[in-house]
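Participant: Chain order of the listed sequences is A and B.
The first sequence maps to residues 275 to 559 in our numbering.
The second sequence maps to residues 17 to 296 in our numbering.
Since the hints were derived computationally from the structure, they do not count as laboratory data.
Please note: incorrect hints may appear among the correct ones.
[As the list claims (entries may be wrong)] Label pairs and their calculated CB-CB ranges: (1) E98(B) x L393(A): 43 to 49 Å; (2) A487(A) x R143(B): 56 to 62 Å; (3) E133(B) x F295(A): 33 to 39 Å.
Ideal Cβ placement from N, Cα and C applies to all residues, glycine included.
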Amino acid sequence: MTAVWVIVGYGFREAVRRKMFAVVIVLTVAFLFLFWLANHYVFKDLSTITPPRDVNVDTRTFAGAFLVGLSMFATLFLGVVLAVFLTLGAVTGDAERGLLQPLVARPIGRSTLLVARFLGAGAVCTAYVLTVYFAGLLITGLTGHWWPDQVAWPGVELAGGVLVVIALSLLGSVVLSSTANGIAIFMLFGAGLVAGLLGSIGHALNSHTIEHASAVASWALPFEALYQDGLRMITEHASGLTGFLLQLGPFGGAYVHGWGIRLWAVVYVLIVGTIALVSFARKNL
Amino acid sequence: MPDALAVRGLAKRYGSVQALKGVDLEVGEGELVGLLGPNGAGKSTLVKIAVGLVRPTAGEATVAGARAGSRAARAELGYLAEMFRFPGWYTADEVLELHQRLSGSRGGAAERKRLLELVALADATDRRVDGMSKGMQQRLGVAQSLVGEPRLLMLDEPTSALDPVGRRTVRLLLEELRGRGVSVLLNSHLLSEVELVCDRVAILLGGQLVAVGSPHDLSRPRGVELETDEGIHRVEGATREDAPRLVAEAVAAGRQVYGVSVLTSTLEDVYLEAVGGETS
Ligand SMILES: Nc1ncnc2c1ncn2[C@@H]1O[C@H](COP(=O)(O)OP(=O)(O)OP(=O)(O)O)[C@@H](O)[C@H]1O
Ligand SMILES: [Mg+2]
């Protein structure tokens, strides 16, 4: 157990020294400021907009959900960037630089090392994602007086999505060099987002084939499904035309949702983690 | 008591490269064994298998009776890799502290201070690794390998970046360790160094052991050389015991004898003969 803490501290210190946190904090503050500006102008104009009488759309819900959806996307993206940089060279990258061998020669065990890297990165990213998510909610809530239907769960699901990415990135770090792993993870992330958007399009066009393809992608890359499920929950109770229009937007969706996908995400992390541990145990360093 | 390191029929294949082809070797308690051989002979591969960094294709290796790579085996050894790096933002003292915690050493600040003194880094305790020269980092690596008082030390070219004084420091350190009963497997290309400190020498060539023995046993007599008024004359096959007789015979034959020397092969001769002048 102490060995886990030693390695967590080791990884944490690396992140601090490589100025990762400094970069992330600066960019996050910049994002939150821009997001506040967007909220400010959107809700200022909102009071002057009245929809045509025969179109029954709740403009405040529409704008609020759209903005929170945007901030959730940014939170996921920033969280994934942080996760990837914390883990992309954890095994092969560090072994190539000769940093790993002195640690692995000690009696701590390779699995302890990898699990500790997961816990360390997971703790940092979870704290980060929840902070940014709730900051986004507060900004929209205080400037626009709109709060999502579900407050806590979408944040938890975003954090869960980032944990899935950490597991994938650690597995990648066992089999790929740092650069290749970074490219692979961002491509998977992009593929997941495209699949999600495809699902929205399929929904709008009422194409079952496209919806099916998107659902398959959601199960294969559950970070995307969790994010979509979080989006769904912010307007869980929106109905009628407002709900329909939100479903069509880029931040609508969730054709795979609920406890099934949440449980699957946990199982998925365990499977990916096991493959990573087994391949690491067999790797020549 | 089991050997500190025992290797039986050890083979390792990397893709199409057969790095080790069935090696048998042991390092006894308190023994200092030098592993020699040309580049690519498989020395580092053997050490990495013993440390558990690389899995053997065939054969077995045990450290103090425990399977190499197991936690019990790793708890007994200290390792200095051929190519290693410590995080640049750690100070010398922090590197040792990290390894104390990973190895469960209870030596505390006193052990760290003593180890840094041993490798002549006492002035650099708070110096960060990225501000150290290559040789200083290597000395820190040697200190790191000694954290937790290991029973078996595996040093893969520990002096490759050291200046002559640094090499001497490490040599004296090895002698002191032997005095304390620590077993050492030393990979090195510096034959004179190995000859000076090692109890036994093993020479690897193309993944196979081609010679094993003490430096003294490996070096054979190469004759006696007489310097007389007729020039230098070498008597092949003669030994030290033959020298007085050879001198007497030369004097009786009316020669003026200016010098006599008994020739034995150096480790370098033994090495060059064993590897046949090969470098890979
Ligand atoms: N990770 C690896 N992948 C493929 N081949 C390898 C790997 N490591 C070593 N080899 C090959 O195995 C052989 C033995 O290498 P090793 O590093 O053990 O030699 P060495 O005796 O330590 O050489 P040197 O004196 O140069 O350090 C070489 O042919 C090398 O190319
Ligand atoms: Mg080598």
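Participant: The structure should be examined with respect to each hint, and the outcome stated for every one.
Facilitator: Results for each hint:
no. : hint                          : in the structure
1   : E98(B) x L393(A): 43 to 49 Å  : 31 Å, violated
2   : A487(A) x R143(B): 56 to 62 Å : 58 Å, holds
3   : E133(B) x F295(A): 33 to 39 Å : 36 Å, holds
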